[in-house]
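Whenever a hint applies, use it, and build me the whole structure from the sequences.
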Amino acid sequence: MARKPLQFQLNGRHQAVFTDDGQNLLDLLRRGVGDLTPKYGCGQGTCGTCTVLIDGEPHLSCLTLAETVDGRQITTTAGLAEGAELHPLQTAFMDNFAAQCGYCTPGMLLAAKALLDRNPSPTREEVVEAISGNICRCTGYEPIINAILDAAGRRNQRRYG
Amino acid sequence: MPVRVETFDSLDAAASALRSTRSARFFGGGTLLMRAANHGDQSFDTLIRARDPSFRHIRSESEGVSIGAGVTMKEIIAHRDLSFLIPAAQAVGGPAVRNMATVGGNLYANSPYGDLAVALLVLGARIEFVGQGGRGVEIEEFMRDRDRHQGSIVRAVVVPRPRDPSSFRFVKVSRVKPKGISLLTIATYLPQSGGRIRGARVAYGAMGPRPLRATAVERLLDGQYLDSATIERAAAAACDGIEPRTDSLASSWYRREVVGIHLKRLLTGDRR
Amino acid sequence: MIEFRKEYFADERDDNLNEIGKPTQRQDALGHVTGRSPYFDDHLFEGLLHIRCVRSPHDHARIRRIDTSAAERMPGVVRIVLGKDVPNNLNTLLSLLDFGIDDEPLISDKKVSYKGEPVAAVIAESERAARDAVAQVRVDWEVLPAVLDVEEAIKPGAPVVNDVYPGNRFVYHGKYDHQKLRFGDVEAAFRQADRIIEGRYQMSPIEQAPTETCGAIAAPETNDRYVVYTSTQALFFSLDTTSKLLRVPSNRLHLIGGTVGGGFGGKVDSLHEPMAVLGTMLTGRPCKYIFDRHEEMQVGAPRGAERWYLKDGVMNDGRIIARKFTGYFDSGAYTRLSSYAIIKAVGHLPGPYTIPNVYADVYCVFTNRTPATAMRGFGITGVDFAIECHMDKIAHELGMDPIELRILNAYRDGDMKAHRRLAKNTALIECCHVAAEKAGWPLSQAARQASSLRDGGGARAEIPHTVTDQHGRVEGYTAGSYAQKKRPSGPAGQARGPQSPASHPSRDSIAVPSSFDRAPQPMSRPAPSAPPASAAVAPPPPPTAQRPAEQHAPEQRRVTRFSSISGLRRR
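Protein chains in written order, with this note's numbering: chain A, 6 to 166; chain B, 10 to 281; chain C, 45 to 615.
Take these hints with a grain of salt, some might be off.
Stated by the list, open to error - Covered, in the sense of this in silico footprint (three residues per stretch, anywhere, with C-beta under 8 Å from a C-beta of chain A), are these stretches of chain C:
hint, stretch
1, 72-80
2, 254-261
3, 382-396
Unchecked claim - Facing chain C, from chain B, some residues (calculated, C-beta under 7 Å):
hint, residue
4, Pro11
5, Gln51
6, Ala87
The hints are simulated quantities; they were obtained by calculation from the structure and are not laboratory data. Note that CB positions come from ideal geometry on N, CA and C, so glycine has one too.
Here it is as structure tokens:
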């Protein structure tokens, strides 16, 4: 099977890998690079657990051809914290009990980050729209929405986690 | 067979490769093809891509806006000349899907997908193919006979600009709030002249295997004032001549029961 | 936000505890928000192989022939596994509790009884290669008539779904084709009632739809063991089921679970671990077996559908004096947990009300649908839906307030419940009070003054004279241990074992003692809501799987059983 060389930035670090022909980005990130934070939930783009940011915009890695990310910047949940310091969204999710089984959490965090990076003071409707591509089967969404609004309110306060 | 990916610099080269490989599909945004590949779809083993910049253009022309088939929903929403399409483009998926899904892909999407295509149908867009000169085909002809065009690549879609943006309305009906898959999509284009509707167009999505026009409703609306009596008559005829589909989301009976109600709400401006 | 209603049961509670009633951070919250919580698939293995199954497209069909020759030649295919490769290819989940007869193959080889049933497993270098090979397997099916409705399935002449139970009904206690509850005399009470009110209630199957699909990865480990990472909710079920199906002693199995991406009952059937370990046994390499989303919806077990018929004898003042239930659980093609769900349901009847005459026949029915399993209080939620709709119907017919009707009929502390336990810690009345208050729903003074602590017991604590019957009695099953192969020889004429065709290759996997302590176990609360709950009583000794095949009757041993499950209580 053909393998193509690929170079991209992952959470600010340079990656040089080979991708199998036709491989999707989720599979490349998890098994090729070893970043296990994006998840498999459906393989159809309907659950959002595979969400990654490509050049700051949310994409579904299970539907992304790995070779199309050549030269681009990818952010996953593994890149949210700065060293030992959690991102305000991560702190807010913990404080607001926004995770139960935790499986949707990496995708939710990135969808929320993409929103807050572009719109630091979203309305509740804008938060709901931002996570409308991410399914949660546990929390009923309210704690997640509260967490994102909470993080928006205290973006400049960080805390060790 | 594992999936091969071939990328070409020009749309013409891609089109030629597509024509010569029966087991190939043209790759737009990937939201439909990668899904199929992930599930081991045995009907194709080659994905053909193009890096052609013309594929992603948005250009104002005399008769409308020319949108490259590779333009994403997100790019439509962001473009100042395409604000009239925002209700339809915004209805597609969630934010991540909109960053990836393309106009061309939406045209070929099977029910219940294809929300943007419903809007393009009601606005009377024109489809231009790669490797074919001339005016291309009217979208209605494309929709009637879409399978015939599987081996072709759509280069661009030319959408007439509605003179009055409020004459175009769009609703995507879904059980899941605020966003979910379409049970039923309705688009109406009812330009008025002297208060009366002239050239009524009504299109449905998810009612059949592909977007279709509700011609009985159009005939009832044409030449009328958009008042409550007209709306009632239109709602009563909402399903005339149409046999709605049954799928895992809803039965034919259900769609028949509710299409008139949702059409009435759309026409009266009842936003529920 | 927690609201303490200190006016209720104040002397029974301490609201000043350190943890209970106070918000506490989950121990895995940090892992969840950093993406470090390890789900089963979050482990990397060099040389990982992927397992995909060939599945039945039919609801019911006989397998004439499986042709894997084309698939075997496909690139990347390492091994194709058929039913004959499974060391002990028949099981039922609750055989681990000695409840039920082995009825389900891991990989079917004679017939299929539901759409999606696996008939072969392809093991390949990549998921795509496995899918491509699955598409090349040719199965010659003889399509059989299917039955998809519970009442159709138990009519004479219905297609036999599950060969172990030719009547399409699970057999309880070796005696009855349904679970019975008898308390008082409903027929006499119906004759005395002012009105008879009937209803029919139907629930659909409900898919748990966890965000993470079911799956397991098995790999060879040191000391000739297998390590298995799994999404299961029921690690010990998975361990023992794997041990039994594959004839591997449990001390060679190292199962690691813990972080589950949602289960809701959908990850208790423990069928992924045996498949993954089998793959590793046959290939010597790590093997991953996971449902994709289509399989999770179609093949993964839902909470079973239920149909309930209720018939109440009601007085004009609102007292319900008799309640008769006929319930049908749709177990799908195999037993799994449905047999247990019915026992829970029957223990729950007639709902949180004191009704002096109760009768229930509840059937576990096999149909050609996806086998059902647990979900969120399964066995209880469906019948509660039926009961509460019926209460509203009664209120409507009597012209009575629906909450007042419930308060009138609610059980109180000290009342005898239909399954012969005294009610204690009841609180339906107080729940009605608070709900009415929050909804702004006015209640009469009498209703507001009612209390769970008063008016119970006395005559209400007695067990009435109860009419019993032999309705639904079946022949051909023993009341002894289901799971053992060697049956204790009984008096002449006693049935020798379940009438089942030769589709039982062997049941010599686990030998269990033939006699046990049948004294009823004291229980302070109803049966637990899910089988893997820690037992309130001492569990039976674990089966020692490497015991050589018994050639003689197992020695007599007194063993404590959780008797309500197996129904083997001596009367």
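Evaluated hints:
Check result for the stretch 72-80 of chain C against chain A: holds, 9 residues qualifying (beta carbon to beta carbon below 8 Å, three or more required). Under the rule that three or more residues need a Cβ within less than 8 Å of chain A, the assignment of the stretch 254-261 of chain C holds, with 4 such residues. Given a C-beta distance limit of less than 8 Å, the hint that chain A covers the stretch 382-396 of chain C is violated, as 0 residues qualify and 3 are needed. Taking 7 Å as the C-beta contact cut-off toward chain C, the hint placing proline 11 (chain B) at the interface holds, the least distance being around 5 Å.
Checking glutamine 51 (chain B) against chain C by beta carbon gives a least distance of about 5 Å; that is within 7 Å, so the hint holds. The closest approach between the C-beta of alanine 87 (chain B) and any C-beta of chain C is roughly 30 Å, which is over the 7 Å cut-off, so the hint fails.
In the structure shown, a violation is registered for the earlier hints numbered 3 and 6, in ascending order.
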